[in-house]
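There are 2 protein chains.
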Amino acid sequence: MSKIIIVGHKNPDTDSVVSSIAAQEYFEKVLGKESKAYCAGMLNNETKFILEKLEVEIPKLFEKIEDDECAAIVDHNQPSQIVDGLDYGKIEYIFDHHNLNIVTEKPIFVRVEPIGSTSSLIAKMFFEKGITPSEVTSKLLLSGILSDMLNFTSPTTTDEDRKLADKLNEIAKLDMQEFVTEMFKAKSSLEGISIEDVITLDYKTFEMGSKNVGIGTWETTLPESVNIKKDEIFAALEKKKALENLDYMFFMVVDILQGNCQLYIIGDAEKELAEKVFGKEAENKLMTLPGVVSRKKQIVPQLTEELSK
Amino acid sequence: MSKIIIVGHKNPDTDSVVSSIAAQEYFEKVLGKESKAYCAGMLNNETKFILEKLEVEIPKLFEKIEDDECAAIVDHNQPSQIVDGLDYGKIEYIFDHHNLNIVTEKPIFVRVEPIGSTSSLIAKMFFEKGITPSEVTSKLLLSGILSDMLNFTSPTTTDEDRKLADKLNEIAKLDMQEFVTEMFKAKSSLEGISIEDVITLDYKTFEMGSKNVGIGTWETTLPESVNIKKDEIFAALEKKKALENLDYMFFMVVDILQGNCQLYIIGDAEKELAEKVFGKEAENKLMTLPGVVSRKKQIVPQLTEELSK
Numbered sequence: 000m001s002k003i004i005i006v007g008h009k010n011p012d013t014d015s016v017v018s019s020i021a022a023q024e025y026f027e028k029v030l031g032k033e034s035k036a037y038c039a040g041m042l043n044n045e046t047k048f049i050l051e052k053l054e055v056e057i058p059k060l061f062e063k064i065e066d067d068e069c070a071a072i073v074d075h076n077q078p079s080q081i082v083d084g085l086d087y088g089k090i091e092y093i094f095d096h097h098n099l100n101i102v103t104e105k106p107i108f109v110r111v112e113p114i115g116s117t118s119s120l121i122a123k124m125f126f127e128k129g130i131t132p133s134e135v136t137s138k139l140l141l142s143g144i145l146s147d148m149l150n151f152t153s154p155t156t157t158d159e160d161r162k163l164a165d166k167l168n169e170i171a172k173l174d175m176q177e178f179v180t181e182m183f184k185a186k187s188s189l190e191g192i193s194i195e196d197v198i199t200l201d202y203k204t205f206e207m208g209s210k211n212v213g214i215g216t217w218e219t220t221l222p223e224s225v226n227i228k229k230d231e232i233f234a235a236l237e238k239k240k241a242l243e244n245l246d247y248m249f250f251m252v253v254d255i256l257q258g259n260c261q262l263y264i265i266g267d268a269e270k271e272l273a274e275k276v277f278g279k280e281a282e283n284k285l286m287t288l289p290g291v292v293s294r295k296k297q298i299v300p301q302l303t304e305e306l307s308k
Numbered sequence: 000m001s002k003i004i005i006v007g008h009k010n011p012d013t014d015s016v017v018s019s020i021a022a023q024e025y026f027e028k029v030l031g032k033e034s035k036a037y038c039a040g041m042l043n044n045e046t047k048f049i050l051e052k053l054e055v056e057i058p059k060l061f062e063k064i065e066d067d068e069c070a071a072i073v074d075h076n077q078p079s080q081i082v083d084g085l086d087y088g089k090i091e092y093i094f095d096h097h098n099l100n101i102v103t104e105k106p107i108f109v110r111v112e113p114i115g116s117t118s119s120l121i122a123k124m125f126f127e128k129g130i131t132p133s134e135v136t137s138k139l140l141l142s143g144i145l146s147d148m149l150n151f152t153s154p155t156t157t158d159e160d161r162k163l164a165d166k167l168n169e170i171a172k173l174d175m176q177e178f179v180t181e182m183f184k185a186k187s188s189l190e191g192i193s194i195e196d197v198i199t200l201d202y203k204t205f206e207m208g209s210k211n212v213g214i215g216t217w218e219t220t221l222p223e224s225v226n227i228k229k230d231e232i233f234a235a236l237e238k239k240k241a242l243e244n245l246d247y248m249f250f251m252v253v254d255i256l257q258g259n260c261q262l263y264i265i266g267d268a269e270k271e272l273a274e275k276v277f278g279k280e281a282e283n284k285l286m287t288l289p290g291v292v293s294r295k296k297q298i299v300p301q302l303t304e305e306l307s308k
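First to last, the sequence lines map onto chains A and B. Counting from 0, one number per residue, gives the positions in the first sequence under numbering that gives the first Met the number 0. Counting from 0, one number per residue, gives the positions in the second sequence under numbering that gives the first Met the number 0.
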C-alpha cells in the first residue's frame, strides 16, 4: 500500500496547514493508512504562532513525490493552487470546501462540502466515524476554524461550523477568545515579513471566464500598519502582475476587528472592473468595501460572474 | 428549504436509475430533505425489467428544474453527460464513481469514490450513518451493483463492492444468480429497440485531449443478435458521428458471458487510433478484444492517454 503525502495549497494559510496535519491523524487512526503532512510554502505568522503554541512541529516543505507515494490535497482543488512538483495523476484524495475545478484521469476519493473551513470538514469526518481526534488535533482543527472564519465573523460561517467547534472544544478545552486574540495579533504582525511576502502570503490566482486574476489578502487587526506601506505594495503588485502575465491583480487589506476591507486598485483595468462589480468609486487607488472580509464569498464569485459574461 | 431533484446521466443505465431512486430514500431518511428521482432518458430493457420485477414505478422523465428546486446528480459529473435543461448553478450534490471533470461556481456537496458503482457508494453512505435501507431500496442497489459490475466479472469490481452487496442482500434476500440471469436476459433482448437505440442506450461522449470521442456500448449474452445487424449499425454510427461533429466514434459489443468485446471500427481514423492503442488489427471493421468488458477502465483511459499526448 502506498504512503499518502498530504499537502495544502500554495501560499499556505492556517486552515490548509492544520487540516493537513489533522488529516494525517485521520488517515492513520480512522483509515489505517500511513501518511505524512507537508506544507506547500512559507508559513504566515499566525500559523507559526499556532504551531509553536501547541508545540507541533512545522511540516516539512513539499519538494517531490516518490514513486511509491500517492497524494491527498486539502483545502484546494484548482490546478493553479496545487503545489509545484505534484503530478496530478498521483492525487488520490481531495478534502476541500471550495468550488470544483479539476479534471482527474481516474476516479479518486473526493469529499467536498459547502462548509466554513477544511478543518471543519476533517472534524466532521472524525466524528462521523465515531472516532475522537486527539487533544492536540482538536486544538489544531479549532485554530483552523477560528482562523478561516475570522472568529465566526465571516459570511462563510455555517451553523455546522459552530457546532463542530463546540464539539472540538470539549476535547481541546481552549479559552477561545484569549486564543483568537493572540492568533490575530500574530497574524497582524509584520515582523520578518517583506513587502513581497505581504502580498503573496495569502495569494491565489483564479481563472474567471477567459481571464486570469490574482488576488492577495492581508488580514489584520491593524490595517494602518499595512496601509503606510501602500506605495511599496503597489509597486510589488504591478511587478507580480506583469511577471505572471495576469489580466487583473487585486489586493485586499481586511480589518478583522471592524469587518471591512480596503481593496487596492493598481490600474485602469482593475478600477473599471471593481467599480462595475462593487458599485463604489476608488479614491487614491483604494476602494473601501464595508462588511467585506471573505475573498471566497464576497469577491471571487462577483468578479467571476462579471468576467464570465 | 428547496426540494432536491435527483437525476443520473443521459442515456441512463441501470446504476444511474436505481441509485437515483435509492438516493431519494437517502435524502429523506438520512438527511431529512424532500427529494424526487427523475430519469434522463429512455430506460433500457434491463432497467425496465428490474423496476417491473421489484414493482417500483419508473421515475418521470426530467424536463426542467423549478426555481425552488436544487439538483443532485448521480453516476456522472462530466458536463457532456448532464441532462439537457439542468442549469449547472442548480447542482448542489454530486454522488459518483467516475473521474472528476466539472467546474462549479460555488462549493457544493461532493462525494466521489473509486468504487464499482454509484449504487455501492449510496449503500456505503446508508451503512456509514448506521441506517438500513428499506428492502426494496436494498434490492435496487444490489441490482445496480450486479449490473454495473456485470455480476462482479468487471475489472471495476473492488472487495468493498462485494462486501456491500453481501450486506445489502442480508436485507434484500435475492437469489442473486437467478436474478442476474434474468437481468442479463432482459439486457440482451432487442425487443422494441431500434438500431438508433442500440447504439445510444449506453452511449457517452468524452473530451480526450482536444478531441471529442463518442463511445457506445451494448452488453449482451448473445453478441450474434447484435452482430447480424452490423451494416445498419455502421450506418447509424457514421450518421451520429457526423451529426455530433465528433473526431472519433466507437461502439463496443460486450459479451458478458465470455468476457470479451468486439469493437466496431467505422473508419480510417478509428482504425489507426485503435490499432495503436490496443495493438490489434481490425478485420472486417471489427477488432476483437479478449478480456475487455469495461469502457471506463479498459477503453477510455487508454484512448485518453494516447489523445492527450
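Please note that the accuracy of each hint is not assured.
[Unchecked claim] Selected chain A positions facing chain B (Cβ under 7 Å, derived; list incomplete):
# : residue
1 : N98
2 : L99
3 : E104
[Claimed, not checked] Keeping only pairs whose Cα atoms sit at most 25 Å apart, straight-line, the calculated DMTMM-like set for lysine to aspartate or glutamate is:
#  : chain 1 : residue 1 : chain 2 : residue 2
4  : A       : K105      : A       : E223
5  : A       : K28       : B       : E127
6  : A       : K47       : A       : D67
7  : B       : K2        : A       : E231
8  : A       : K47       : A       : E104
9  : A       : K229      : A       : E243
10 : B       : K128      : A       : D165
11 : B       : K308      : A       : E274
12 : B       : K105      : A       : E274
13 : B       : K123      : B       : D158
14 : A       : K128      : B       : E104
15 : B       : K128      : B       : E237
16 : A       : K296      : B       : D67
17 : A       : K9        : A       : D165
18 : A       : K295      : B       : E237
Hint data in this document are derived by calculation from the structure and do not stem from the laboratory. Quantities reported herein were computed from a predicted structural model and do not represent experimental measurements. Ideal placement from N, C-alpha and C gives every residue a C-beta, glycine not left out.
For each hint, the structure was consulted:
With a cut of 7 Å, the hint placing N98(A) at the interface with chain B holds, because the nearest CB-to-CB distance is about 5 Å. The restraint placing L99(A) at the interface with chain B holds, with a minimum CB-CB distance near 5 Å, inside the 7 Å limit. For E104(A), the shortest C-beta to C-beta distance to chain B is roughly 6 Å, which falls under 7 Å, so the interface hint holds. Note on K105(A) and E223(A): the hinted pairing is violated, with a Cα-Cα distance of about 49 Å set against a maximum of 25 Å.
At most 25 Å may separate the alpha-carbon atoms for a hinted pair to count; K28(A) and E127(B) meet this at roughly 17 Å. Between K47(A) and D67(A), the direct Cα distance comes to roughly 31 Å. Violation of the 25 Å bound is thereby established for this hinted pair. Of the pairs offered as hints, the one joining K2(B) and E231(A) is violated, with about 52 Å between alpha carbons and a cut-off of 25 Å exceeded. Our distance criterion of 25 Å between C-alpha atoms is broken by K47(A) and E104(A), whose separation comes to about 36 Å.
This hinted pair checks out: K229(A) and E243(A) have alpha carbons roughly 21 Å apart, not beyond 25 Å. Using a Cα cut-off of 25 Å, the hinted pair K128(B) and D165(A) holds, with the two alpha carbons roughly 21 Å apart. As the CA atoms of K308(B) and E274(A) are separated by approximately 43 Å, the hinted pair breaks the 25 Å bound. Restraint check for K105(B) and E274(A): satisfied, since their Cα atoms lie roughly 23 Å apart, inside the 25 Å limit.
Simply put, K123(B) and D158(B) have alpha-carbon atoms about 13 Å apart, close enough for the 25 Å limit, and the pair holds. Under the criterion of a C-alpha separation no larger than 25 Å, the hint pairing K128(A) with E104(B) is inconsistent with the structure, at around 30 Å. Between K128(B) and E237(B) the CA atoms are separated by roughly 48 Å; this puts the pair beyond 25 Å, and the hint is violated. For the hint linking K296(A) to D67(B), the alpha-carbon distance of about 22 Å falls within 25 Å, and the restraint holds.
As the CA atoms of K9(A) and D165(A) are separated by approximately 29 Å, the hinted pair breaks the 25 Å bound. With a CA separation close to 46 Å, the supplied pair K295(A) and E237(B) exceeds the 25 Å bound.
Hints 4, 6, 7, 8, 11, 14, 15, 17 and 18 from the list above are not met by this structure, while the remaining hints are.
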